[in-house]
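Just so you know, the sequences run in chain order A and B.
Under my numbering, the final residue of the first sequence carries the number 240; numbering is consecutive throughout.
Under my numbering, the final residue of the second sequence carries the number 240; numbering is consecutive throughout.
It is worth saying that the hints were derived from the structure and are not from the lab.
It cannot be assumed that every hint is accurate.
You can't tell identical chains apart in this list, so a pair holds if it fits in one copy or across any two.
Listed next, the in silico SDA-like pairs over lysine to any residue satisfying Cα-Cα at most 20 Å (straight line) [stated by the list, open to error]:
hint, residue 1, residue 2
1, Lys109, Ala17
2, Lys109, His226
3, Lys199, Leu89
4, Lys109, Tyr7
5, Lys109, Val166
6, Lys199, Arg102
7, Lys131, Arg80
8, Lys168, Arg112
9, Lys164, Asn126
10, Lys143, Asn126
11, Lys164, Gln51
12, Lys23, Glu119
13, Lys199, Glu154
14, Lys199, Met174
15, Lys8, Thr179
16, Lys46, Asp86
17, Lys109, Lys164
18, Lys109, Arg225
19, Lys143, Glu53
20, Lys46, Ala83
21, Lys168, Arg220
22, Lys8, His132
Predicted, not measured: the structure shown is a model, and the values here were computed from it.
There are 2 protein chains.
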Amino acid sequence: MIEQETYKQHISTQFNAELEGVKNSLLEMGGNVERQVNDAVDCLVKMDTGQAEVVIDRDHAVNQMEVSIDEECSRILARRQPAASDLRLVLTVTKITTDLERIGDEAAKIARQCIRISEAAASPSNYVEIKHIGNYVVGMLQKALDAFARLDVELAVEVVKADKTVDKEYRSAMRSLVTFMMEDPRVIGSVLNEMWALKSLERVGDHTSNIAEHVIYLVRGLDVRHVELEELISQVEESH
Amino acid sequence: MIEQETYKQHISTQFNAELEGVKNSLLEMGGNVERQVNDAVDCLVKMDTGQAEVVIDRDHAVNQMEVSIDEECSRILARRQPAASDLRLVLTVTKITTDLERIGDEAAKIARQCIRISEAAASPSNYVEIKHIGNYVVGMLQKALDAFARLDVELAVEVVKADKTVDKEYRSAMRSLVTFMMEDPRVIGSVLNEMWALKSLERVGDHTSNIAEHVIYLVRGLDVRHVELEELISQVEESH
Numbered sequence: 001m002i003e004q005e006t007y008k009q010h011i012s013t014q015f016n017a018e019l020e021g022v023k024n025s026l027l028e029m030g031g032n033v034e035r036q037v038n039d040a041v042d043c044l045v046k047m048d049t050g051q052a053e054v055v056i057d058r059d060h061a062v063n064q065m066e067v068s069i070d071e072e073c074s075r076i077l078a079r080r081q082p083a084a085s086d087l088r089l090v091l092t093v094t095k096i097t098t099d100l101e102r103i104g105d106e107a108a109k110i111a112r113q114c115i116r117i118s119e120a121a122a123s124p125s126n127y128v129e130i131k132h133i134g135n136y137v138v139g140m141l142q143k144a145l146d147a148f149a150r151l152d153v154e155l156a157v158e159v160v161k162a163d164k165t166v167d168k169e170y171r172s173a174m175r176s177l178v179t180f181m182m183e184d185p186r187v188i189g190s191v192l193n194e195m196w197a198l199k200s201l202e203r204v205g206d207h208t209s210n211i212a213e214h215v216i217y218l219v220r221g222l223d224v225r226h227v228e229l230e231e232l233i234s235q236v237e238e239s240h
Numbered sequence: 001m002i003e004q005e006t007y008k009q010h011i012s013t014q015f016n017a018e019l020e021g022v023k024n025s026l027l028e029m030g031g032n033v034e035r036q037v038n039d040a041v042d043c044l045v046k047m048d049t050g051q052a053e054v055v056i057d058r059d060h061a062v063n064q065m066e067v068s069i070d071e072e073c074s075r076i077l078a079r080r081q082p083a084a085s086d087l088r089l090v091l092t093v094t095k096i097t098t099d100l101e102r103i104g105d106e107a108a109k110i111a112r113q114c115i116r117i118s119e120a121a122a123s124p125s126n127y128v129e130i131k132h133i134g135n136y137v138v139g140m141l142q143k144a145l146d147a148f149a150r151l152d153v154e155l156a157v158e159v160v161k162a163d164k165t166v167d168k169e170y171r172s173a174m175r176s177l178v179t180f181m182m183e184d185p186r187v188i189g190s191v192l193n194e195m196w197a198l199k200s201l202e203r204v205g206d207h208t209s210n211i212a213e214h215v216i217y218l219v220r221g222l223d224v225r226h227v228e229l230e231e232l233i234s235q236v237e238e239s240h
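Take these sequences, add in the hints, and give me the full structure.
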């Protein structure tokens, strides 16, 4: 009887270690992706094509992490058949890997824009909007990953809110770029590249907001993916 | 003993029905999303803002299907603890729902572009590229869903191949739109809207290619998400 108990404990310790392992791998992937976005914005602002090449290169490592974390998740599901919150953790991790991988893709796209801009005419802008929105979404991503690490629903809600700010600033930056183009058609080519980079940052904000929504699902069991912000806040408060 | 067998059979029949159910729900969601893309392209080409409103409205239904299919998948995982190919099916379905939902989002974005263009100046184009690429990606999506329904790996590989064609045509269409803008800066605003719609279609192609890759994983157990096309083809051939 005692032996059986010890065996059960052993299994459960191993299982917990596996869950911790997959959680840590996801946070490591998140840290890498955060650095990718940060460096991509940085290389665009400084027009540093050397750093842009590094960002593009490192995207493969991010992709590999997605594949290996998803593999580990299926292995856990097959072997351990987790239930309740353990099952939610595994499912959440495999949803978040997808968003992180897409954020990595957008970082690589920004790095490619940097190279393209440097090959074209001189830059028409100091990328003030890109720098600003870029820093903002990197901060959001940090918060979303913290919210996952600490199972912090309030922080996750903050991230979802912050995405509304990104969308607003994105639209206003786009409007001023359109005006800029109309005033001086010679800059159309380079302003378009800047627009694509801005669009990528806006996508990073969306994916980061998705990650925050997954954290809310993980902690509270609420699927708030297509819920308006106000409704989301009241659902989260009620579920407390 | 016989009773126990009957009971087991009963459970397994129920389980199979649940798996069939979730598969059919995914195909239904896929059918809806296919119609959304088709109608979005159609309303843009015909500048039909009434139809555009319908597309935007129906996006909620697509979102709801994502949530309910994912919920059903977690329920199956929790209750049935599927293994091997059954587990792969459930995991694949929850990955595909994400891609289908994003395709639905892009369709709604195209519909919103249609309304924006109609509110602005007269259209500068007959949207020949949009029509062409739009029809092409709708066809791809049909094939990807067929590949899922019939577990047809060859068809899935065709879809991944087709996405390369989309990317090529997208780049060439973009180049000609940039030239168009430079030649006549008065059309900048409306050509930009056309560019965003094209960009959405290119994203639809990407997500459809992801769906095809998930089908390959489902049937062969191969994760080919970040594998180059040639390597993917040879991996699929070897796994036969």
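Indices of hints not satisfied (ascending): Hints 1, 3, 4, 7, 9, 10, 11, 12, 13, 15, 16, 19, 20, 21 and 22 not satisfied by this model.
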